[in-house]
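*Asks:* This is what each chain is made of:
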Amino acid sequence: MAFRSRHNEAQAIFEILVRENEAMLMTYLRAAVHNQSAVEDLFQETMLVAWRKINDYDRSCPFGPWIRGIAGKLIMAHFRKAKSDIMITGCETLEYLSRQIEHIHERSGDTWEQKIDALRHCIEALPDNYREMIEMRYFKRQSASKISEITKVSLEAVRKRLQRARAQLLDCLRRKKVVMEAGT
Amino acid sequence: MTTESNESENRLVDQLSNQWLDTEPGGSEFHVSAMNVSESLNSKQLQRATDVQLIHAMLTSLAEDNEDTRQYRVNKLMQSIRADRKRIHGKQLTSPKKPRRYVGPAIRLGTAAMIIIGITILLTSLPPNKAMATIDQMISAIENAGDRTYSVVVRDQRTGRRERAAAISAVERRNHPERAVLDGAKLYLRGRDNYVLYRYTRSGQTVVNGSDGKSNWLIRPKRTVLVSSAPQAFRIPMPEDLADLLTLDFGETLQRIRERYKIKYLGTVPVEQDQDTSWAYLHATQRNRRFRGPRVIRIWAHPDTGLLRRIEFADVRLQGYAEPKKLIFDLIDQKQLPNDWFTHSAHHPVGAKVDSLSEY
Numbered sequence: 000m001a002f003r004s005r006h007n008e009a010q011a012i013f014e015i016l017v018r019e020n021e022a023m024l025m026t027y028l029r030a031a032v033h034n035q036s037a038v039e040d041l042f043q044e045t046m047l048v049a050w051r052k053i054n055d056y057d058r059s060c061p062f063g064p065w066i067r068g069i070a071g072k073l074i075m076a077h078f079r080k081a082k083s084d085i086m087i088t089g090c091e092t093l094e095y096l097s098r099q100i101e102h103i104h105e106r107s108g109d110t111w112e113q114k115i116d117a118l119r120h121c122i123e124a125l126p127d128n129y130r131e132m133i134e135m136r137y138f139k140r141q142s143a144s145k146i147s148e149i150t151k152v153s154l155e156a157v158r159k160r161l162q163r164a165r166a167q168l169l170d171c172l173r174r175k176k177v178v179m180e181a182g183t
Numbered sequence: 000m001t002t003e004s005n006e007s008e009n010r011l012v013d014q015l016s017n018q019w020l021d022t023e024p025g026g027s028e029f030h031v032s033a034m035n036v037s038e039s040l041n042s043k044q045l046q047r048a049t050d051v052q053l054i055h056a057m058l059t060s061l062a063e064d065n066e067d068t069r070q071y072r073v074n075k076l077m078q079s080i081r082a083d084r085k086r087i088h089g090k091q092l093t094s095p096k097k098p099r100r101y102v103g104p105a106i107r108l109g110t111a112a113m114i115i116i117g118i119t120i121l122l123t124s125l126p127p128n129k130a131m132a133t134i135d136q137m138i139s140a141i142e143n144a145g146d147r148t149y150s151v152v153v154r155d156q157r158t159g160r161r162e163r164a165a166a167i168s169a170v171e172r173r174n175h176p177e178r179a180v181l182d183g184a185k186l187y188l189r190g191r192d193n194y195v196l197y198r199y200t201r202s203g204q205t206v207v208n209g210s211d212g213k214s215n216w217l218i219r220p221k222r223t224v225l226v227s228s229a230p231q232a233f234r235i236p237m238p239e240d241l242a243d244l245l246t247l248d249f250g251e252t253l254q255r256i257r258e259r260y261k262i263k264y265l266g267t268v269p270v271e272q273d274q275d276t277s278w279a280y281l282h283a284t285q286r287n288r289r290f291r292g293p294r295v296i297r298i299w300a301h302p303d304t305g306l307l308r309r310i311e312f313a314d315v316r317l318q319g320y321a322e323p324k325k326l327i328f329d330l331i332d333q334k335q336l337p338n339d340w341f342t343h344s345a346h347h348p349v350g351a352k353v354d355s356l357s358e359y
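Chains X and W, in that order, give the protein sequences. In terms of numbering that gives the first Met the number 0, the first sequence opens at residue 0 and continues consecutively. In terms of numbering that gives the first Met the number 0, the second sequence opens at residue 0 and continues consecutively.
Heads up, some of the hints might be wrong.
Said to hold, decoys possible - DEER-style ranges, computed between Cβ atoms: (1) X:Glu105 / W:Ala132: 26 to 32 Å; (2) X:Tyr56 / W:Glu322: 32 to 38 Å; (3) X:Arg18 / W:Leu356: 47 to 53 Å; (4) W:Glu142 / X:Ser59: 44 to 50 Å; (5) X:Tyr56 / W:Lys261: 19 to 25 Å; (6) W:Lys261 / X:Ala156: 54 to 60 Å; (7) W:Thr205 / X:Cys60: 33 to 39 Å; (8) X:Glu91 / W:Ala132: 43 to 49 Å; (9) W:Lys263 / X:Ser107: 34 to 40 Å; (10) W:Glu322 / X:Pro61: 30 to 36 Å; (11) W:Asp332 / X:Cys60: 50 to 56 Å.
Said to hold, decoys possible - Below 25 Å or equal to it, Euclidean Cα-Cα: the simulated PhoX-like pairs (lysine-lysine) are: (12) X:Lys151 / X:Lys139; (13) X:Lys72 / W:Lys43; (14) W:Lys185 / W:Lys75; (15) X:Lys159 / W:Lys43; (16) X:Lys159 / X:Lys139; (17) W:Lys129 / W:Lys334; (18) W:Lys352 / W:Lys221; (19) X:Lys72 / W:Lys75; (20) X:Lys176 / W:Lys43; (21) W:Lys75 / W:Lys334; (22) W:Lys75 / W:Lys213; (23) X:Lys52 / W:Lys213; (24) W:Lys352 / W:Lys75; (25) X:Lys175 / X:Lys151; (26) W:Lys185 / W:Lys221; (27) X:Lys176 / X:Lys151; (28) W:Lys213 / W:Lys352; (29) X:Lys52 / W:Lys75; (30) X:Lys145 / X:Lys159; (31) X:Lys175 / W:Lys43; (32) W:Lys263 / W:Lys129.
Said to hold, decoys possible - Stretches of chain X that chain W covers, calculated by requiring three or more beta carbons in the stretch to come under 8 Å of a beta carbon on chain W: (33) 10-21; (34) 25-32; (35) 68-76; (36) 90-100; (37) 112-118; (38) 124-133; (39) 166-179.
Keep in mind that the hints were calculated from the coordinates and are not lab data. These numbers were taken from a predicted model, which means no experiment stands behind them. Here a beta-carbon is modelled for each residue, glycine too, at the ideal position from N, C-alpha and C.
The task is simple: from the sequences and hints, build the whole structure.
*Replies:* Here it is, written out as structure tokens:
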């Protein structure tokens, strides 16, 4: 009885940790894995492994890096099965990505959305033709070829604009110190 | 020259990762070429590619995730965890048992003794319920607390961003242009029953409610100051969701939370901008829906003194907003206020007309 109540207690605390780290972990996985359904599966798998290994977790350390460590191993395993899903791999690169995520996580704000709020301002500051591409690609979930069809802009030009828009967003977030300079 | 070569290197990497990002998954030739080339990138180029993909991931999170998708994701996980537990238990139950015909009475007695010793050690070594102890400490801290000033903030439930005037519904703006709102209000407290609440209308007029513990009073723009000794006079209209829970006596509010919510102590954490100090963090979830109130309340308090630093009510329906909001009370000052601060005369010009109402 006492064991069950302690177990339920542990489960409730774990659920809170999951809620508090869900958006961060999803961003980490999305940055490494292209396939959306694989991202969702890896999220479930990572958290399930974390729950099974919860006794190994050192509570004096932050939860975020620990959970990303588990996710990193699962990404590497997924890479062996589906190479085309993953562009960046290798311990060093995943470690760099984890540091970037941790840098964002340390920003002020209660939620992940608050921490990346600067991105909205950067989107607003984009030139109109770049902002339009970002809005269609992400907020209206259109593929590059569909955007080309709707806007009557060639596929190559759509890809170019998306590429430049992302590069400008990266510069903007670096200026706002949301994202660290490479090599720091 | 070096800058130019860096730029062209960046362009090359960007082209590569963007081709990969903007191609539909599922066996396109771009993936293969991206993979082949990515294997030959040096570490600086890989960092650039990683940064571009991080931007993609942040954009996707911003655009695609909302409260429902997050809830679904977490619920699915918790179901798997529960199923996992059943599976493990099932396995334990069906595992073959060793024959115990020859277990002697001494072993049984020994086992019983070990269980009793184990339970005794467990009971004596368990720390007191930290969450309840913290709440109790907070309630008694309020009894002895000096003057405190809290800011009141309304935030969007989903994004956590501060609400702007534009978020207020058109109906509210049209029907109640002069309603004093909680967002941006300031609450001054002394002990448990002295309070002053400054609220502002959308046109910038000030409405002040207060109590010095003996009489309650209300100051509105261009109106007579009202004073009454009736305990319920000029009560602040609290959001309907919080009517049974939140009072300006935070001691009373914490007591109600203690009774109606399941409270977890989750260690010490900083509060947003205030990264230098760590505060005891409590997470309260409603036990049942018998009482009105938000499903989740988050509380930060000083780990040693129990001083309430912040209290946050989630998913609150506030007058004038279409969507549920977070209502936050944040400690901003502890300086001592003038002695007469909680009397009405400290907040209106000398000579203002005052009506004392015996019953209101």
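*Asks:* Against which earlier hints does the structure fall short, listed by number upward?
*Replies:* 4, 7, 9, 11, 14, 17, 21, 22, 23, 24, 25, 27, 35 and 38
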